[in-house]
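Both chains are sitting in their own frames, so use the hints and assemble them into the complex.
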Amino acid sequence: MKNIKVLGTGCANCKTTLKLIEEAAAAKGVAVQLEKVEDIQDIMSYGVMGTPGVVIDGKVVHAGGIPGRDKIDGWLA
Amino acid sequence: MSEATVSGVPPRLTFARWIAALAVAVVAWGVAYAYLTDFADAIVAGVGLERGTHFAEAVHFFFYDTPKVLLLLTGIVFVMGIIQTFFSPERTRALLSGKRLGVGNVLAATLGIVTPFCSCSAVPLFIGFLSAGVPMGVTFSFLISAPMVNEVALVLLFGMFGWKVAALYLGMGLLVAIVAGYVIGELKMERYLEDWVRAIQMGESQAADGTGMNWVERFEAGGRHVKEIVGKVWPYVMAGIGLGAAIHGYVPEDFMASIMGKDAPWWSVPAAVLIGVPMYTNAAGIIPIVEALIGKGAALGTVLAFMMSVIALSAPEMIILRKVLKPQLIATFAGVVATGILLVGYVFNAVL
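For the record, the sequence lines run as chains A and B. The opening residue of the first sequence carries number 1 in the working numbering; numbering runs sequentially from there. The opening residue of the second sequence carries number 1 in the working numbering; numbering runs sequentially from there.
If you are wondering where the hints come from, they were derived from the structure by calculation, not from laboratory data. Given the structure is predicted, the values throughout are model-derived calculations rather than measurements. Certain hints may be false.
[What the hints assert, rightly or not] Pairs of lysine-lysine, DSSO-like flavour, derived with a Cα cap of 27 Å:
{"hint": "1", "chain 1": "A", "residue 1": "K15", "chain 2": "B", "residue 2": "K323"}
{"hint": "2", "chain 1": "B", "residue 1": "K227", "chain 2": "A", "residue 2": "K36"}
{"hint": "3", "chain 1": "A", "residue 1": "K19", "chain 2": "A", "residue 2": "K59"}
{"hint": "4", "chain 1": "A", "residue 1": "K28", "chain 2": "B", "residue 2": "K323"}
[Claimed, not checked] Pulled a few chain B residues facing chain A out of the computed Cβ check, cut under 7 Å:
{"hint": "5", "residue": "I83"}
{"hint": "6", "residue": "V123"}
{"hint": "7", "residue": "G128"}
Where is the CB? At the ideal position from N, CA and C, for every residue including glycine.
Looking at chain B on its own, in the form it has when it is part of the complex (with noise of 0.2 Å):
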């Protein structure tokens, strides 16, 4: 813990440099997102642009949402960053290990938000959980909200369709969750575990829970996950926000209505769904695509349908299960998320 440079290292801020910075970090967030419109307007007017024509309203449109959806997710990532500190998955497991069916259900889908997950340690997560005493019921609504609810999926949402739309998936998206790990505990598919999962001898976990951590440690954190999420999606929030800008004039406004639409035949969700299963990326490549959908007169039920399809049920994450899973358990799993996510789109589209 030295403060010397030691061969391109920058050296540790102490703790009182870290408030200071950023304490001056959140008030330049809060200036520029109280002046994001005079930004827009600015670039518009610098460019030599007359509002109210079609091109002028995309660009102004383009430089007000990127830096706004930009600045939403730097902020909401760094304090997740700062969160997940204190949920570290050794931690996440103790909670829920012996909990029973139901709350155990909730608990876990609801710890999916703030517990960091990668689906490449989907595996050794779900036997890290089942050896410690956690239901496999449990442990599956825990597998299905840790991708789908995520913090970029939320900013973006928020960022683009406002706080309502941003709830409903939050609320709907805990839900499938929940309800879906619950019937699977209910259905008692153990035995359709692979045979070396129910005989593996887990090894004793020696990583460090987070418990210990100081602040510096845990602001550092926030930094290195801003640098690693913001850093990874932002070219796909700027081509989405650009596509969504570009498509403006260009593409019928009732172009998805008759078939995504309200008013489409019944077996759109379905479809929908059907569609989001090989299509495999994470909430911030989704989304540009879901403002494109419902810009052009889809439905809301429909693509969140779309949406929660591709990113928890996506055939390669399928693939990474079946080294657990018998053929019968993944069947039971991708059938029951999938009508879940099928009364979401239904009953969105029902009440909206």
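Looking at chain A on its own, in the form it has when it is part of the complex (with noise of 0.2 Å):
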């Protein structure tokens, strides 16, 4: 199962980046443990500078922004 963490402060971007996850997850019956990283000093341990970001096993995939379907169905994959 993949471990996929969102990491953000909680703004409206990064909530969206989490439902759209969860959605294309369950639209393809894949499933995945989902996180979300609110705590600064965490996010930044990834080094990601824009928020949301997203971190599947440990690898940063996508950061500063919403992620298209089309990718999100990539990490899923």
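Below, the structure is given as structure tokens:
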């Protein structure tokens, strides 16, 4: 099972990103473990400068905006 | 990168199709822009109004300005969306790293226009810049310029007041960002960063810096930018233009002149800045108010000071920055930026 973390201090874009990933995973029937990282020091430890950021199994795959649907589907594949 | 449609995802356009679609869009855009007046005339005539009455002029104003501003906004935001793919925060940081005060401030303020920025990312960006060796004063220039001098503000000012006001705003916004950042840098206040910030070990950046994108991806980024920005601001734009049209006949022309006009007391500029601090909105939300104020006799300098204060000196952003800055540094930041904005207000009122 993939571990997906959404990095963000709680802005609207971060919540949207979380929801989009949830929806995409549900649509594909892929089981994921979704986590939200809101602590700024934790976020910084990933070296991300733009939120929302997305981390999959410890690797940063996206930062600085809402990811596109095809990008999300690519992570879940 | 398959062309197949999977669970509602539209197929990706090829580069050739993007070029063809863009060519059609540019021509349609140009034609629409050329016929703005005719469109508004047709609407007014279509509903059977006589030109010359207050009401008919208000309707005409609305149906001329709304499509004009939305067309400008869509065009510029698309282009900016593409430009931004060349200036990720990672790239900007690399460009600014190790730059000296002065040159660095000018570069930072300028990059603030083209680097994608959301105020919710202010803190990670701030720390990211510092930890990569960007001087604190240079980082502040970026943080002031990025929200204040943005394409939405410039497009709306251009659409509603013409290119001179837009250019003045651009120039003055950059100046405030450059000078304020320089002053903060010269004050050498690094010890007023929160302790954890100075101790932080920034993780190695793993995010792509955008240099490896192909043009299809850049076009798609432009399209997403339009969807995100225009999709969010169009109600403000409509409301603002509607407000401007509606109050046309009902509020006296010189309503604001005595308190915000050219001959208003000296304290009208600081008062405008103070009122702006607790207000928090983006450029799209503030420009309708600006238009209403200017239409009712307020002086341009006072109104620009108000606008800059709302965007660059917002209380919520201070609260976010408080996580990384000690109170002394927050106070200095607010004081220096407010002084710069005050000067802009006074200079404009004196010159124009």
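A quick look at each hint next to the structure:
For the suggested pair K15(A) and K323(B), the alpha carbons sit about 21 Å apart, so the restraint of at most 27 Å is met. Distance hint between K227(B) and K36(A) is fulfilled; the C-alpha atoms sit about 25 Å from each other, no more than 27 Å. Simply put, K19(A) and K59(A) have alpha-carbon atoms about 20 Å apart, close enough for the 27 Å limit, and the pair holds. Our distance criterion of 27 Å between C-alpha atoms is broken by K28(A) and K323(B), whose separation comes to about 39 Å.
With a cut of 7 Å, the hint placing I83(B) at the interface with chain A is violated, because the nearest CB-to-CB distance is about 15 Å. This hint holds: V123(B) has a C-beta 6 Å from the nearest C-beta of chain A, less than the 7 Å allowed. Annotation: G128(B) was flagged as interfacial toward chain A, and the flag holds, the nearest CB pair being 4 Å apart, inside 7 Å.
Checked against the numbered hints given earlier, this structure breaks hints 4, 5; the rest are met.
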